Amino acid sequence: MLSIKNLKATINGKEILKGINLEIKEGEVHAIMGPNGSGKSTLAAVLAGRNFMEITEGSVTYMGKNLLELSPEERAHMGIFLGFQYPIEIPGVSMVNFMKTAVNEQRKYKGLEPLSSGDFLKTMRDKMTFVDIDSKLTGRSVNEGFSGGEKKRNEIFQMAMLEPKLAILDETDSGLDIDALRIVANGVNKLKRPDNASIVITHYQRLLDYIVPDVVHVLYNGRIVKTAGKELAMELEEKGYDWIKNES
Amino acid sequence: MPESDNIINDVTSSEYKYGFISDIESETFPTGIDEDIVRLISKKKGEPEFMLEWRLKAFNHWKKMKMPDWAHLQIPPINYRDIIFYAVPKQSAKYESLDEIDPEIKATFDKLGIPLEEQKKLSGVAVDAVFDSVSVKTTFKEALSEKGIIFCSMSEAVQNHRDLIKQYLGSVVPYTDNYFATLNSAVFSDGSFVYIPKGVRCPMELSTYFRINALNTGQFERTLIIADEGAYVSYLEGCTAPMRDESQLHAAVVEIVVMKDAEVKYSTVQNWYPGDKQGKGGIYNFVTKRGICKGENARLSWTQVETGSAVTWKYPSCILQGDNSYGEFFSVAVTNNYQQADTGTKMIHIGKNTKSRIVSKGISAGFSQNSYRGLVKVLKNATNARNFSQCDSLLLGDKCGAHTFPYIEADNASAILEHEATTSRIGEDQIFYCNQRGIKTEDAVGLIINGYAREVINQLPMEFAVEAQKLLQISLEGSVG
Chain Y
603 MLSIKNLKAT INGKEILKGI NLEIKEGEVH AIMGPNGSGK STLAAVLAGR NFMEITEGSV
663 TYMGKNLLEL SPEERAHMGI FLGFQYPIEI PGVSMVNFMK TAVNEQRKYK GLEPLSSGDF
723 LKTMRDKMTF VDIDSKLTGR SVNEGFSGGE KKRNEIFQMA MLEPKLAILD ETDSGLDIDA
783 LRIVANGVNK LKRPDNASIV ITHYQRLLDY IVPDVVHVLY NGRIVKTAGK ELAMELEEKG
843 YDWIKNES
Chain D
982 MPESDNIIND VTSSEYKYGF ISDIESETFP TGIDEDIVRL ISKKKGEPEF MLEWRLKAFN
1042 HWKKMKMPDW AHLQIPPINY RDIIFYAVPK QSAKYESLDE IDPEIKATFD KLGIPLEEQK
1102 KLSGVAVDAV FDSVSVKTTF KEALSEKGII FCSMSEAVQN HRDLIKQYLG SVVPYTDNYF
1162 ATLNSAVFSD GSFVYIPKGV RCPMELSTYF RINALNTGQF ERTLIIADEG AYVSYLEGCT
1222 APMRDESQLH AAVVEIVVMK DAEVKYSTVQ NWYPGDKQGK GGIYNFVTKR GICKGENARL
1282 SWTQVETGSA VTWKYPSCIL QGDNSYGEFF SVAVTNNYQQ ADTGTKMIHI GKNTKSRIVS
1342 KGISAGFSQN SYRGLVKVLK NATNARNFSQ CDSLLLGDKC GAHTFPYIEA DNASAILEHE
1402 ATTSRIGEDQ IFYCNQRGIK TEDAVGLIIN GYAREVINQL PMEFAVEAQK LLQISLEGSV
1462 G
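Sequences listed follow chains Y and D, in order.
Quick note: the first sequence, position 200, residue 802 per our numbering, numbers continuous.
Quick note: the second sequence, position 323, residue 1304 per our numbering, numbers continuous.
Bound-form chain Y, shown alone (with noise of 0.2 Å):
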């Protein structure tokens, strides 16, 4: 689904990946863990189609097209979401606009007529029971006034409505207790498919403790240092990441 070859990427003239090679296929759930710095969220933005740096270098191949071609929205259209490690707030717009905006593009692109009001509205309501999330969010504007984990539930939420094929979720545990730690990880459990794929991007193992990984990368300056099954996880709690710094 997604064949990344020796990606490289600049920010101001300053690289940042240094040659990633990553491969995930349909079904798998993937971690990338790894210090601060290590160019986990550049990685996810490049991904998603931000422009704030230059890709100097490699390849992008997602369902058989050049990714790196196509504009943020075709990405969106053609499955990919990025769940963000910052939810952007959008004063005045509704949730429930934004999200009829946003299905209905995805329809069009598919060539399916808009959903009417009354069947958006009730496959709002079936997400929000789904991924566990207070109806109150969906009734105010976009990421308004939201603490940070309804920031981040709401990335959820957003998910659950766009079902996408290869869902990114960058950092999405930061900043997050327990509670609403299981809600999010439960949500990215239950949206899981034979035919989709997520990766997942963390900073500490404990969310991988509700979302079992098929696969745990460690990317340490720009570069995927190590591969291994979700016991790497584990290993990396226990040794934290001088271990690999001294490694590498």
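Source of the hints: derived by calculation from the structure; they are not laboratory data.
Keep in mind the model is a prediction, meaning the values are calculated, not measured.
Some hints here could point you the wrong way.
Derived Cβ-Cβ restraints for the label pairs, each shown as a range [said to hold, decoys possible]:
| hint | chain 1 | residue 1 | chain 2 | residue 2 | range |
| --- | --- | --- | --- | --- | --- |
| 1 | Y | 765 | D | 1436 | 32 to 38 Å |
| 2 | D | 1402 | Y | 657 | 49 to 55 Å |
| 3 | Y | 715 | D | 1451 | 20 to 26 Å |
| 4 | D | 1013 | Y | 711 | 45 to 51 Å |
No residue lacks a Cβ here, since even glycine has one placed at the ideal position from N, Cα and C.
Starting from the known structure of chain Y, fit chain D onto it as the hints suggest.
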């Protein structure tokens, strides 16, 4: 970052879709203005003597006045000798039945989405359609008159409701008021007149649609609304003009009288031709709008969505004379390309326990300049006056300007006046967030702008709120920052 500049340049470039010209023969007066022209207008309209006198007094006063220059606007000198002060479609007179209307005019209004056929009405809206200098059709007149409501063109009111005209015309905006209002008083050609009798709640929205068509004409319409004790009316005006390279002058006056316990809501969706991307052409919009809350508990609310005109100079105001009266001003002013807007309000607190609220949302894009100018004045006897003002500016791109000029004059120590102001930009982050959810940049801007303006849009009657939302988006197409 260069990328964001590209986006900015991309998103502000749509065409003005009301810019077509209708092919209608019109009868026009010679260009320029002198006493003879004023007399001719009055004669043409068969006005009584007192109207002619009033016009002449105004004209003589105007000759001694100078165009005001205090606004934050750059306007080339206007040559009043080149302007045609009166233009009417030929075979004019007021049309009694629809069949008499020039099909071209009917087609024009249809194209603008303003049906003149009553069966095709906008749901529950009565329309007065003003084409160049005259009103061509007022719908639902009969239905309204059953309730004693008068809704007609100004020319008809001068003929048929002389007492009301004599009593109220110029009572809120006197002919000496200001340069443009004085000019209007001398040469105004038509406009709408509304009278709601005591205790009557007007059952439908009243609306006037203004269209400038003829070349080199100025449009000078005058609207007078009187809500008698305990009456209620919601009134809406819309405006468009063809795209022409020459700038055209629009100098209108609106006067509103709100009696005891009455309420008037006045909404404007102003979409005069704004000029092209280089700032060529466009309407110069100099408008004086003022209402007086004459009696106790009177309420007056102005809502405006201003997206058009090359230059906008407009300060809809409330004189809060009656005790416990209430004035509101809600405004969204959008400027793009080389548009300039200097707009705001005046709240004059005279009575006791008078309250006012101001919500102004400016949106600037391109190379435009957008100013809020407001005055909150509390007179000596206005005990317990309250005002809350909120002035927000949103900037798209880095070549435009947003300015705020709030003035406060309080002569009563019990007054409580609050002012809040913010300036923000549409963030790249917000746009990317929308993009990532599959929403195109133009649509994202539309969403964000409408979110920003929601408080004001919500004040508009339902049907027009939807239109206004679209209009905001279209006006800013190509201007994301």
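### Satisfaction of the hinted span 20 to 26 Å by the C-beta atoms belonging to residue 715 of chain Y and residue 1451 of chain D
This hint holds: roughly 21 Å between Cβ atoms.
### Query
CB of residue 765 of chain Y to CB of residue 1436 of chain D, is that within 32 to 38 Å?
holds, 34 Å
### Query
Does the Cβ-Cβ separation between residue 1013 of chain D and residue 711 of chain Y fall within 45 to 51 Å?
This hint is violated: roughly 59 Å between Cβ atoms.
### Message
Given the hint of 49 to 55 Å, is the C-beta distance from residue 1402 of chain D to residue 657 of chain Y inside that range or not?
### Response
Violated, since residue 1402 of chain D and residue 657 of chain Y (Cβ atoms, about 42 Å apart) do not stay within the stated range.
The earlier numbered hints that this structure contradicts are 2 and 4.
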